[in-house]
Amino acid sequence: MSAELKQKLESVVYPGRTETLGQLGLVQEIDGTTAVINLPSPAITREAELTSLLQAAAGQEIQIKFQKEQIATPRGLGSSLLANAKNIIAVASGKGGVGKSTVACNLGAALAKMGCSVGIIDADVYGPSQPMLLGVNGTALTIREKRILPVEAHGVKLISMGFLMKPGDAVIWRGPMLHGMMNQFCRDVEWGELDFMIFDLPPGTGDISLSLSQLIDITGAVVVSTPQDLALDVATKAVGMFKKLEVPVLGLVENMSYYCCPECGHRDDIFNHGGTKAAADKLQLPMLGDVPLNSELRKAGDAGVPAVLHNPDSAPAQALMKLATNVAEMVSLNAALTEKQLASA
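With my numbering applied, the sequence shown covers -6 to 338.
No lab work stands behind these hints, which were simulated from the structure alone. Computed from a prediction, not measured in an experiment: that's the story for all the values here. Accuracy of the hints is not assured; some may be wrong.
Computed cross-link-like contacts, EDC-like style, restricted to lysine to aspartate or glutamate with a CA-CA straight-line distance of at most 16 Å [what the hints assert, rightly or not]:
id, residue 1, residue 2
1, K61, E40
2, K88, D226
3, K236, D210
4, K1, E22
5, K275, D226
6, K88, D200
7, K236, D222
8, K270, D222
9, K58, E3
10, K230, D200
11, K88, D222
12, K333, D306
13, K270, D283
14, K333, D24
15, K237, D210
16, K58, E12
17, K315, D283
18, K292, D306
19, K333, E42
20, K237, D200
21, K(-1), E54
22, K270, D226
23, K1, E54
24, K139, D200
25, K270, E256
26, K275, D222
27, K58, E42
28, K(-1), D24
Simulated restraints, written as ranges between beta carbons of each label pair [as the list claims (entries may be wrong)]:
id, residue 1, residue 2, range
29, S288, G120, 17 to 25 Å
30, S4, E54, 17 to 25 Å
31, Q53, G185, 38 to 46 Å
32, E(-3), E42, 20 to 28 Å
33, I136, Q207, 22 to 30 Å
Glycine included, each C-beta is placed from N, C-alpha and C at the ideal position.
Using the sequences plus the hints, can you model the full thing?
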């Protein structure tokens, strides 16, 4: 590939971003008229869009090939816990009952469906939901050579306090015990190599979020809310907590965003609509997605199968797949930009 042609391709602005492909370090070369574009995550699905932009920029017929491999977000020095996890995502909410665990479960399953290796740590110690959502409730943990083996379901590796409790038991722990459990889940579980580790945090702004920020470098947080003012008020507080802990907030998700009647298609904004987008704009954060209120989510949860796998053509499944793509693309392009800047320094 000539230097002139490479320069033209590197000048293309990545869709939805302000950086060019050159600034992101995505353009490679193999021969005269064939360009290889590195997409930094298997979950990125912009091949057709990028091909059109690159062909237009080249001004001539060229062959474009894409290769995908998940990039790791650079970590601070001394971050040894979960060192084999390339990216660590915290899913949080300001209050309970907004569907945070359902979003976390489907985020993990969607990323796995798109070819990423995924782990989930169910950090909602007081109300662990992931074993039920993934259909592995009551599974006994296996210990091998003093290491805990995560339970695997639907392409996702999982550890949860739910595997250590009897049905109906309640966890009554103070901060130091919670900190110790999070440390053990990070340190003593045989996770292997992961593209994404997802933490399903407890609702609110409590001890576990603080412990997690002290134990590891979190790539970014996803904050889940519903549209009504009460939920948005506490979601804003969750965003404030992460900013105080110096954890990047990737954006907001509006769950139960609207309801469409399956018989006539009439749309009803049961809990209002668009409030999360307004809050995101006010906080200068991206709106990562909106998930409709739909019985499919309940059916999938009852079946122990993530909605993105249970009925992939349903409206909530498609919204959750788009959410996963948005999160993976943002995290991976940010990592690519940082890597390029570090290499140029």
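Results for each hint:
1. With a C-alpha separation of about 11 Å, the suggested pair K61 and E40 falls inside the 16 Å cut-off, and the hint holds.
2. Straight-line distance between C-alpha atoms of K88 and D226 comes to about 10 Å, which keeps the hinted pair within the 16 Å bound.
3. The hinted pair formed by K236 and D210 meets the criterion: a straight-line CA distance of about 14 Å does not exceed 16 Å.
4. A C-alpha spacing of about 13 Å is found between K1 and E22, which places the hinted pair at or below 16 Å, so the restraint holds.
5. For the hint linking K275 to D226, the alpha-carbon distance of about 12 Å falls within 16 Å, and the restraint holds.
6. Annotation: proposed proximity of K88 to D200 holds, straight-line Cα distance about 15 Å (limit 16 Å).
7. For the hint linking K236 to D222, the alpha-carbon distance of about 21 Å lies beyond 16 Å, and the restraint is violated.
8. Using a Cα cut-off of 16 Å, the hinted pair K270 and D222 holds, with the two alpha carbons roughly 12 Å apart.
9. Note on K58 and E3: the hinted pairing holds, with a Cα-Cα distance of about 15 Å set against a maximum of 16 Å.
10. Among the hinted pairs, K230 with D200 is consistent with the structure: their alpha-carbon atoms are about 15 Å apart, no more than 16 Å.
11. A distance of roughly 12 Å separates the Cα atoms of K88 and D222; the hinted pair therefore holds under the 16 Å criterion.
12. Pair hint K333 plus D306 does not hold up; C-alpha atoms about 38 Å apart against a cutoff of 16 Å.
13. With a C-alpha separation of about 9 Å, the suggested pair K270 and D283 falls inside the 16 Å cut-off, and the hint holds.
14. The suggested pairing of K333 with D24 is violated, with an alpha-carbon distance near 23 Å, which exceeds 16 Å.
15. Restraint check for K237 and D210: satisfied, since their Cα atoms lie roughly 14 Å apart, inside the 16 Å limit.
16. Using a Cα cut-off of 16 Å, the hinted pair K58 and E12 is violated, with the two alpha carbons roughly 21 Å apart.
17. Pair hint K315 plus D283 holds up; C-alpha atoms about 9 Å apart against a cutoff of 16 Å.
18. Between K292 and D306 the alpha-carbon distance is near 14 Å, which keeps this suggested pair within the 16 Å criterion.
19. Taken as a hint, the K333 and E42 pair is broken in the structure, with Cα atoms around 23 Å apart against an allowance of 16 Å.
20. With a C-alpha separation of about 14 Å, the suggested pair K237 and D200 falls inside the 16 Å cut-off, and the hint holds.
21. Among the hinted pairs, K(-1) with E54 is consistent with the structure: their alpha-carbon atoms are about 14 Å apart, no more than 16 Å.
22. A threshold of 16 Å between alpha carbons decides the hint, and for K270 with D226 the separation of about 13 Å falls inside it, so the pair holds.
23. Using a Cα cut-off of 16 Å, the hinted pair K1 and E54 holds, with the two alpha carbons roughly 13 Å apart.
24. Under the criterion of a C-alpha separation no larger than 16 Å, the hint pairing K139 with D200 is inconsistent with the structure, at around 27 Å.
25. Annotation: proposed proximity of K270 to E256 is violated, straight-line Cα distance about 28 Å (limit 16 Å).
26. Taking the CA atoms of K275 and D222, the gap is about 14 Å. The hint holds against a cut of 16 Å.
27. With a CA separation close to 13 Å, the supplied pair K58 and E42 stays within the 16 Å bound.
28. With a CA separation close to 11 Å, the supplied pair K(-1) and D24 stays within the 16 Å bound.
29. Between S288 and G120 the CB atoms are about 22 Å apart, so this pair conforms to the stated range of 17 to 25 Å.
30. Between S4 and E54 the beta carbons are some 18 Å apart, a value that agrees with the proposed interval 17 to 25 Å.
31. The supplied range of 38 to 46 Å is met by Q53 and G185, whose beta-carbon atoms lie about 45 Å from each other.
32. Taken as a hint, the range 20 to 28 Å holds for the pair E(-3) and E42, whose Cβ atoms sit roughly 24 Å apart.
33. Between I136 and Q207 the C-beta distance comes to about 27 Å, which sits within the given range of 22 to 30 Å.
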